[in-house]
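Here is how the chains run, residue by residue.
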Amino acid sequence: MENQIGWPDQLFDVLKGADIRQVGYVPDAGHARLIARCKADNGIRDVVLSTEEEGIALAAGAWLGGQRSALLMQSSGVGNCINMLSLISACRFPFLAIITMRGEWAEFNPWQVPMSQAVEPVLAATGVKTYRVDSADDVADTAQAAADLAFGGDLAVAVLLSQKMIGRKVWVK
Amino acid sequence: MLDRRKAIATLMANRPKDLFVVPGLGSCTYDMASLGEKDQDFYLWGAMGGAAMIGLGLALAKPSVKVAVITGDGEMLMGMGSLATIGVQRPANLAIVVFDNQHYGETGMQPSHTDSGVDLVGVARACGIRQVYEVDDEAGLQTLAGELAGLKETLFARVRIAADEPTRVLPSKDGVELKLRFRKAVAAAG
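Sequence lines, in order, name chains A and B.
Heads up: the first sequence at position 136 corresponds to 478 in our numbering, and the numbers run straight through without jumps.
Heads up: the second sequence at position 171 corresponds to 183 in our numbering, and the numbers run straight through without jumps.
These are calculated hints, taken from the structure and not from any lab test.
Any given hint could be a false lead.
[Unchecked claim] With a Cα cut of at most 20 Å, we get these calculated SDA-like pairs of lysine to any residue: (1) B/LYS191 <-> A/GLY494; (2) A/LYS358 <-> A/MET457; (3) B/LYS191 <-> A/ARG434.
Given the sequences, and given the hints that come with them, work out the whole structure.
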């Protein structure tokens with residue numbers, strides 16, 4: 343483990359390898375390193391959003407223009423996306439989201455818990471497939487599988503990064 | 013006050029081949045369809061509040077084409093934060109045109125915020141969009157049509173139209189068909 347690059351850098355490599363050209367995001371502690379990598383890369387247009395649902399529409403527009411995109415957010419943002427996901431579903435846009443989970447492991451803020459519990463049911467109900475990652479060793483492979491499914495199969499796919507994994511790797515110093 | 017169907021016809025009268033339009037759901041989709049259903053128009057039937065952001069993603073992905081989002085005041089109000097997001101990005105090839113009748117036509121003509129004085133041009137300007145237009149007459153429409161055809165800077169325009177409901181002209185509502193043909197047309201634009 344010590345010799346490997348961190349999972350945010352692995353995620354960045356997956357996004358680059360998948361030819362992701364636009365990344366929409368709402369600033370997020372768990373995604374801070376990945377967002378910084380995207381901002382620093384000249385081949386990726388980083389688009390900071392005022393709410394996560396903007397990123398759904400951005401992804402649709404990017405695809406119409408011939409580019410692949412990814413949306414980075416935390417679990418609370420999923421609730422902001424629900425109706426806009428009908429755009430992805432009705433038009434069968436490929437869609438890739440990478441979601442950092444809150445409200446599920448050693449959470450100190452109870453306000454994070456309700457949406458956290460709703461993430462998987464909401465995404466299932468709106469036609470987004472979910473891949474959950476609980477171990478840093480699985481991040482790259484899972485993200486790659488999600489990107490393959492999204493852009494190979496014209497499907498909506500979200501990778502859920504568990505709070506247990508994020509907490510141990512990023513927040514606890 | 014301007015008639016919406018005459019206004020859309022004026023704006024699109026000399027439409028260049030590289031201008032792609034994203035009309036917002038409801039009346040603006042019908043307005044664009046009234047000019048004839050085209051591969052270059054991505055007709056929305058839902059995703060309320062998302063039209064401007066679809067335009068942004070498209071404009072960023074394809075700098076060689078021009079993108080006009082033409083949507084209603086209610087749709088724009090639902091995605092008002094996207095004006096801030098667009099103000100940060102400011103792609104040179106994106107125009108947001110709001111057909112403002114100050115009402116929600118699709119649901120029975122209830123008044124919108126703009127009917128109570130909310131100023132969308134002021135919002136756009138405050139979000140950093142520098143090229144803004146208030147259009148309330150034929151001359152203004154002609155000017156806007158020229159700006160769309162020669163788009164060089166992120167543009168926001170409010171077109172004040174009458175609150176009426178012309179006969180609906182319905183384009184395809186098959187999202188997959190709309191996506192595929194529009195994407196192919198964008199790709200063919202070089």
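Outcome of the hint check:
1. With a CA separation close to 16 Å, the supplied pair B/LYS191 and A/GLY494 stays within the 20 Å bound.
2. For a cut-off of 20 Å, the pair hint linking A/LYS358 to A/MET457 is broken: about 30 Å separates their Cα positions.
3. For the hint linking B/LYS191 to A/ARG434, the alpha-carbon distance of about 8 Å falls within 20 Å, and the restraint holds.
Going down the numbered hints, you'll see the structure goes against just number 2.
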